[in-house]
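Enquirer: Take a look at the letters that make up each chain.
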Amino acid sequence: MSLSLADVEHVAALARLGLTDAEKESLREQLSTILEHIAVLNRLDTSEIPPTAQVIALDNVMRDDAVWPSLSQEEVLRNAPGQRDGFIEVRAVLGGSDAEAEA
Amino acid sequence: MSDAKLTTLTAAAARRMLDTRDISAVELTEAHLARIDQLDGDIHAYLHVSGDVARAQAVEADARMATGEVAPLTGIPVALKDILCTTDAPTTAASRILDGFISPYDATVVERLREQGAILLGKTNTDEFAMGSSTENSAFGPTHNPWDTSRVPGGSSGGSAAAVAADEAILSLGSDTGGSIRQPAGFCGVVGLKPTYGRVSRYGLIAFASSLDQIGPFSRSVEDAAIMLGAIAGHDPRDSTSSPRDVPDFTQALRENLRGVRIGIAREYRVEGMEPGVERACQDAIAQLEELGAEIIEVSLPHTEYALATYYITAPAEASANLARFDGVKYGLRLEEPTLAGTYETTRGAGFGPEVKRRIMLGTYALSSGYYDAYYVRAQKTRTLIKRDFDRAFETVDAIVAPTSPTVAFGIGARIDDPYQMYLSDVFTIPANMAGIPGVAVPCGFSDGMPVSLQVLGKAFDEATILGIAHAYEQATTWHERRPGERV
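Those sequence lines, one after another, are chains A and B.
First residue of the first sequence: 1096, per the numbering used here; consecutive thereafter.
First residue of the second sequence: 11, per the numbering used here; consecutive thereafter.
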């Protein structure tokens, strides 16, 4: 399985990961090698095998729908790199090139 | 007692001396802080040493012991892998992207250690976000193996393993997603325990691969691992995957002989590229187990060869989702760009190191449209087969033993440019994570002057049996008594 540079750029865009040209090239090579090793799984016939997402014997863990103390707004905001009026501040989400990136 | 002796104690021995007032928690803590000060420039086990916090906790522990209200870890100095959230020390996951982050809450395991009155010495080095097998992926520089500082301590919990091996902490905590406790324990010649998935709450453990991650102890004896597991195990309503099962007193399971115990050896664990010294030490250990009364039975785990590939889809896939939260918005590093998407990309591009980027890319690829069934679903199905292998084997045996790693600790820099070679060092540890079962690594000899380790794997929630086997083996041998600096 050999990846193209366009594949790497597509996946990086999905992951919102900024990469330099040198990183893209080395990731293209390394990921291709790793995918070749991973192809060993194609040797197994798993068509009749159910998937395992987790291994604990618990399902649908419920809790009471009750209010209990949580972190204060001040504690939650303390680590935020940008904030204003008790909110986390970021660049506008709508409009401009972000809208294009979503398309 | 001299400071040098105080830092070599087991937790059980320190407990006795604290209880008889032969030593104080303050003396024990000062001895460790002095040792760290003297040695950690060479080892770099710690990313952050909490001297003042530890001293205050020691004074409190002494006051508490004076009232007679003592827990097993009251006054015992402990180190924490820097992927566990703490309110009174930075939590970095050894990544630039968490620059300046102070957690607003403690991990549940940290809370439980505080309740016991343990002394929290500081935060230990790790591969960035626990992704790696050598601690070389730390953004803050590698940790050095105390047995030979030109070699890696293993990873990802290399700092926690090295701290216990170098007498810079009596106990420590790490996390194990594909071997990150057992492999570094083996490389550093200490005991390392990965509990059953769900035995210990993951609340406050920065998530790498949520269906595989589990917190566990490093120690100088199996008894100490049993004590630490008892302190941190048990249900936590804040982690819905933590098990409501009762937690037994694991120290009651420690035994002197293995009569009536059936131990499996898997033929698939003899792989090419295994170091002859490792193979020899593990064979000798199996003979020792037999001498102690165990019945050795050959079992088959036929899908072992697929575990590594299964892991390198499943873990990066889960990681790519978990690490989406590091986006420069809520905490840590932010590199502002004109657009929000640009801010995400620049922040993440600058904040993550090469291995983390590799795994985010691999995981995103495996989950992306058109590849999801071919990679992710196929890996989940193979995971079923790996788990069934263990279920079947445990119908005839009580535990399975295998080498912890195919080699001893390798040189710093030796594998860093070849990711797949690096991944191979976890080939024997990964299957237990895929199946969710517990495993304990125990020193079993030396090869090339470096420690070799045997891992004992058990049934889900049967840590008692594997600790019992590991203890009997440890007590019949002297490997655990060797110290770095007295190389054989």
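Hint data in this document are derived by calculation from the structure and do not stem from the laboratory.
Mixed in with the good hints there might be a few duds.
[Said to hold, decoys possible] Stretches of chain B that chain A covers, calculated by requiring three or more beta carbons in the stretch to come under 8 Å of a beta carbon on chain A:
#	segment
1	323–337
2	358–370
3	385–397
Built from N, CA and C at the ideal position, the CB exists for glycine as well.
Enquirer: Would you mind marking each hint as holding or not holding in the structure?
Expert: Hints versus structure:
Only residues whose beta carbon comes within less than 8 Å of a beta carbon in chain A count, and the segment 323–337 of chain B has 4; three or more means the coverage holds. Judged by the Cβ-Cβ criterion of 8 Å, the segment 358–370 of chain B is covered by chain A as claimed, because 8 of its residues qualify and three suffice. Under the rule that three or more residues need a Cβ within less than 8 Å of chain A, the assignment of the segment 385–397 of chain B holds, with 11 such residues.
In this structure, every one of the numbered hints holds.
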